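J.: Chains as they are written, first to last, in this note's numbering: chain H, 155 to 514; chain Z, 1328 to 1573.
Rather than coming from a laboratory, the hints here were simulated on the basis of the structure. These figures come from a predicted structure and were not determined experimentally. One should not assume that every hint holds.
Said to hold, decoys possible - Residues from chain Z that face chain H, not an exhaustive set, calculated with beta carbons under 10 Å:
#, residue
1, Leu-1365
2, Ile-1372
3, Val-1374
4, Val-1381
5, Ala-1395
6, Asn-1437
7, Ser-1466
8, Lys-1468
9, Lys-1507
All C-beta atoms, glycine included, are put in the ideal place defined by N, C-alpha and C.
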Amino acid sequence: MTEKVLMSGNGAVGEAAIQAGCRHYFGYPITPQNELTAYMAERLGELGGVFIQSESELAAINMVFGASAAGARAMTSSSSPGISLKQEGISYIAGAELPCVIVNVMRAGPGLGDITPSQADYFQAVKGGGHGDYRLITIGPASVQELYDWTARAFYLADKYRNPVMILGDGFLGQMMEPLEIRKIKELKLPPKTWALTGAKGRRANIIRTLMLKVGELEEHNKKIQNKYRRIEKELVEYEAVLTDDAEIILVAYGMCARICKESVFLLRKEGIKAGLIRPITLWPYPSAIIRKISNNVRYVLTVEMSAGQMVEDVKLAVLGRCPVYFYGRMGGGVPTSEEIVNRIKELEVQRHKGTKKKE
Amino acid sequence: MKKIFGRPRSMTDKPFHYCPGCGHGIVHRLIGEVIDELGIQDRTIGVPPVGCAVIMYHYFNIDMTEAAHGRTPAVATGIKRVHPDKVVFTYQGDGDLAAIGTGEIIHAANRGERITTIFVNNTVYGMTGGQMAPTTLLSQKTTTTPLGRDARLIGYPIKISEMLAITDGSIYIERVAVNKPANIIKAKKAIKKAFQVQLEDKGFSMVEVLSQCPVNLAMTPQKAAEWIDNTLIKTYPLGVIKDKSG
Ligand SMILES: Cc1ncc(C[n+]2csc(CCOP(=O)(O)OP(=O)(O)O)c2C)c(N)n1
Ligand code: SF4
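In isolation and in its complexed conformation, chain Z is listed as follows (with noise of 0.2 Å):
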């Protein structure tokens, strides 16, 4: 009998530990696929979050370390900085990239580093309990905004990748969404590009994926999703954010 469909190889079989519903396990195996496909498993090394995915090592049958929260970008610039001919990327949430490592993510992405970001915005803080994130929608209520986001008070929903696309190091930058498997196919694309752009030595290179928690957005996990469609991507479209790597 053919096998037509398993875990990637370059993934553990330990169960996830996320949520039911939640994006993250679905933008690990899109990772997992993509290093399977361009065959870099045994020359990848991964920098997880702190945050849902902080235990993202177990995951994965490759080189990993953990970093600080929000520094992410600068240990994985060590690294790429020691071997450059290894395929570096870090996995961070908005808390961790938007929040306490903003300057971390655009001073590497201005660098130019040669590193793939995979930036998990679920407009959340989902580990701490689901206080508000720098990328929480404008009257979206949170542990920490419970009568909604108020911009007077708290200002706006920040557009990191449109913000790091203005930086002349970063290559190539996408927004995609794990909530429907359109958007998942979709997501796997922009991933393996991401990578692709990295092995082609280009320069910076990044992917917001827009994911469901349903547990802090007190949603069931098929309205969560639904969520995305009709209500996020109105402040964060998706589509390619920028191209350079032709």
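In isolation and in its complexed conformation, chain H is listed as follows (with noise of 0.2 Å):
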């Protein structure tokens, strides 16, 4: 039996955590995703979980650690000026080859910037963020209900690869209110935790390092994780296609963005314009296949972000020339309207018009 309910993003996420058997959480207060701090010290103190309001975002990701390394399913969140802090910590969790949930709801920078809703945290999340060769799982989720979805699917992922994953929001989805079905969580079996900590008691001491000084060891591990990246691209890539089939013009964009595109999509169906939706729901690994493979069949794509182009760059990665790639962004929080991006194409329909005449 589901749930129905009338739910903010923010809350999505806590609840969907809660599901999930979450039940130690760390973090620190920043706009736009207070609303999940909130929620999860209430839900953890009706379960007799474990919330801390740590006294910064370098402390909440680091009893990330500690937590996730005693063997619990942990989480963290912030918004853009806390993740920046957090980075840090993300970068150790990665090298141990810990699981935990980080949420980012991004708000405009940089830095203090205002709370305003955007996308411009894309690279530091899908590209690194810390120091050293590692990835995060991250996710992209466009509605109440996916947030809630991927969130819960987030914890298994995390365990299965052992591997940090972000949910990577906004403002704008983290505040808003949407229908949500509470929907019973079900998981595939996952191996026990021998790696954690739990006091040596019968077995011998675990260890929990990224520091190796044995020549060969340390690029022995980063060979280890980087074949575990490789595995998590060909098992993991989840996209939507809008009206792919028959477009001759694709967009695409992820989250918030996305949404508003599809409705750009309706708009330029209803003008007689084949246009078309791709929207990445996992932002790393990238659905960089499907990308390619549509890019023989257009004429050509246009990204669409909060941000001044981030994303774009792996969309070009992935058409590799095959067919031109426009950007079309707004910046420190102005968000895209579907007119916008209609009114674009529409440009460039013009523009591409007169170039071919002008060759003939």
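Build the complex from these two chains, which are given one at a time in their own frames, with help from the hints.
T.: Written out as structure tokens, the structure reads:
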């Protein structure tokens, strides 16, 4: 039986974590994710779990490190400036192959910026952010329901791959209310965490470390985690395709931006322009293969983001020159409208029309 | 034949990597003896620092995890909150605890986190080659205070134990030294007491250990030990700083 409620995106993330068995949350307040911190405080209080409002984001992520090393499902959440502070800990967690879930409800920067929604932390999320060669499994949900479903799944994926998973939302998604089905969470069986720190009773001591001083040891470790990343790339890519079968123009966007683009696709179709949308759901691993395949059959691709253009680099890498890749973005809290996107396409149509004429 | 002295069971037989005359090895051994005497080897979890003791986990038969420089108390907090029935301790140098990790240690103490911290104060950054620490004495020469520490430029030696003692969450704090046998015996008593405070679930406990780093003090091991008696304890007096365990 499923329960249907009206909930904010931030609340949905919190409830999903609880349903997934997360009983340890460590965080520090920052808008626009404060509802999530408050939700965890309340629910974990009811359930006798552990909620700590830490003294800083540095401390919060390192508490997550400790709780995860001790074998628990642990979570932290923040927004852009706070996530910057967590990068040190994230690199250590990735290096030590500890599972955890990190939520970034992005706001506009750089610097203190403001509290309006943004997608300008894409590079930081999918390309590293902290030091060293590592990857976060990064998810870009586009609705309150998806925030719930993917947060729940994130704990499973984190344990399965022993890797941190980031839920990459934005202030819009975090604070808006939508109907939500609280679904029972089904998981495949996972192996026991024999590596966890529980006290060396009846076994050899467990050591968790990222310092590897023996010649070659660290390179081997890096190879091992890179092999894991290749496996994740094979097993985990997810995306949504909208009206792509006969499309001549493809929009690529994720999260809230993709919802706006979907509307643009319908508006364009009404005007006889055959547009379609690819919405990456996993931002790392990235759905490069489908974008590559589609780029053989379309005239061009338009990437839309709430940033100066970050994911567009991954789109270009996927397309590899098979067709032109254009970009439309708003920054600093600006949110593109479906009309703006339609107009951008129309502009491109005119430009391209002129271009072909000139050549003739 | 009766064996009257040996290696603690909670320790491995790996030889220490520390320089001759270094205090870290002595402090390690005291921790090992205390773990044995309290019978808690199979339920103790340690968090070593970044610093000369970074690979301390090689020397103990207990579960341990590394932490980022200074974040040790936050990592220990996460572990203890998952396993309230286990004994969790951190081991930190003065760079780790009194500089980069000041925030983490003050708040762990103030939360009354049921962990025990062993704070090794040798007044310098040992591992990175003898730079100034917040605990470096006035006029003390280091690679980054080549003319001696000048208070007008870089402030005063920081008294962490006294600072932490004013937090209500801290229960037991003592400053000891490992420069001579009489002090080493007292140091062990203090470490044992600090673990007991945790076992009794009372709050945060810490032992500050004045320790010798002959290499970076540019002294012979013997001179470094004497320097603690003649000079260091004038700034950092030994003894119980706070005890609310009774
Ligand atoms: C974030 C970060 N900054 C700097 C360093 C370099 N570093 C390693 S050990 C150390 C100082 C250690 O000094 P202390 O804590 O006094 O321990 P000791 O080596 O004297 O035992 C520093 C600065 C690091 N590892 N990480
Ligand atoms: S540098 Fe100093 S603290 Fe480090 S091992 Fe040598 S003597 Fe000990």
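J.: If a hint holds in the structure, say so; if it doesn't, say that too.
T.: Quick rundown of the hints versus the structure:
{"no.": "1", "hint": "Leu-1365", "result": "violated (13 Å)"}
{"no.": "2", "hint": "Ile-1372", "result": "holds (5 Å)"}
{"no.": "3", "hint": "Val-1374", "result": "holds (8 Å)"}
{"no.": "4", "hint": "Val-1381", "result": "holds (6 Å)"}
{"no.": "5", "hint": "Ala-1395", "result": "holds (5 Å)"}
{"no.": "6", "hint": "Asn-1437", "result": "holds (9 Å)"}
{"no.": "7", "hint": "Ser-1466", "result": "violated (33 Å)"}
{"no.": "8", "hint": "Lys-1468", "result": "violated (30 Å)"}
{"no.": "9", "hint": "Lys-1507", "result": "violated (32 Å)"}
In summary, the numbered hints that this structure violates are 1, 7, 8 and 9.
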